[in-house]
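Since the structure of chain A is already known, use the hints to place chain B on it.
So the protein lines, in turn, are chains A and B. Residue numbers in the first sequence follow the working numbering, run continuously in steps of one, and reach 196 at the last position. Residue numbers in the second sequence follow the working numbering, run continuously in steps of one, and reach 196 at the last position.
Be careful, since some hints might not be right.
Just so you know, same-sequence chains aren't split out, so a pair can sit in one copy or run between any two.
Straight-line Cα separation of at most 16 Å, EDC-like style, residue types lysine to aspartate or glutamate; simulated pairs [said to hold, decoys possible]:
1) K182 x E113
2) K182 x D117
3) K115 x E94
4) K136 x E146
5) K187 x D142
6) K28 x E143
Keep in mind that the hints were calculated from the coordinates and are not lab data. It should be emphasised that the depicted structure is a prediction, and the values quoted were computed from it without experimental measurement.
Protein chains: 2
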Amino acid sequence: MAHKIITVSREFGSGGRTVGKHVAEKLGIPCYDNELLEKIAEESGLAKEYIAERGEYTPKGGWLATAFADRSVNGLSVQDYLWTVQRKLILEIAEKENCVIVGRCADYILEGKADLLKVFIHSPMDMRAERIVKLYGETDEAPEKRLRDKDKRRASYYQFYTDMEWGRAQNYHVSLDSGKLGIDKCVEIITGLY
Amino acid sequence: MAHKIITVSREFGSGGRTVGKHVAEKLGIPCYDNELLEKIAEESGLAKEYIAERGEYTPKGGWLATAFADRSVNGLSVQDYLWTVQRKLILEIAEKENCVIVGRCADYILEGKADLLKVFIHSPMDMRAERIVKLYGETDEAPEKRLRDKDKRRASYYQFYTDMEWGRAQNYHVSLDSGKLGIDKCVEIITGLY
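With the rest of the complex left out, here is chain A (with noise of 0.2 Å):
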């Protein structure tokens, strides 16, 4: 039987890992987030903040630099080559056991090979600015700033990898402003469709 898999994708300071992570806690089955980083970083041989910083940017300058790119590992871009080891472990992972998985395109991964609740988590640019602040701390940089440019690299790795648009509604099944209903409505929400 196909496991039951909640997919979480997310825009950056909506709040989408922290709804994975209370759905998980409250069904009572594993959110891979941190623990999927960790097993890529593991079954890859490359540093966490690497993959946590680089696994959802598109290659630079798409395929034509990639392909001569000078970094490499087995022929393949650092990219690609993260690609693929992060997919193998989101099918292994699928494979063993219900759970949430967040972001990494799991949502495209799984597709037909495990029965999925597939969820986007987004809020509106102020409120996203006021939770980065409050989380990571003021930088140079503006957080709407920082903001458009996380959703757009994260639009672009997800357009890159998968061909499909990210943020799309028709992409998921499910679809939350977490800045209009709160964290704790989303998460009753997804908890009551599992």
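The following block gives chain B in isolation, referenced to the frame of chain A:
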């Protein structure tokens, strides 16, 4: 006090209209769908069928064709005239009472003018195809072709009048896949959020 209004945008054949109707019934508030059409017909002097058919279509050829269109009311293209009537009536409804409004860019028109819960209902192509054949019968055109055509027109209309992207999760508070979740579950989630 601003009235609490649920706006339901939907893909053709997703059952979004039915979701809106059932939500309104459950909450004991009016649902403006056919009623809105009748109001627009009365106020504009245009036939209900014309409004239903054309009220969600972009003026053909964009502003240039519109500017030179031979058919006009008070110097406006029929489409733009319809938009102003529709906008005025939606604002009047929002002044008057709590309600559900289906379609017609009410989410955009009422932004900042009411206590909004903005909903988008979508469903996979195959389930929508099955639904429209059951509801509206077969035609010479394949149901998938009819759906793609309608989707394109709605997206284009929405973009033209609101300058926003139709079906982008971030434009709504809740987006639900009625095919995956079922109509009843969608109704339950929305009434629970009201």
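Quick rundown of the hints versus the structure:
1. K182 x E113: between (29 Å within a copy, 14 Å between copies)
2. K182 x D117: between (28 Å within a copy, 11 Å between copies)
3. K115 x E94: within (11 Å within a copy, 49 Å between copies)
4. K136 x E146: within (14 Å within a copy, 47 Å between copies)
5. K187 x D142: This pair counts as neither: shortest intra-copy Cα distance 34 Å, inter-copy 45 Å.
6. K28 x E143: neither (37 Å within a copy, 48 Å between copies)
Hints 5 and 6 from the list above are not met by this structure, while the remaining hints are.
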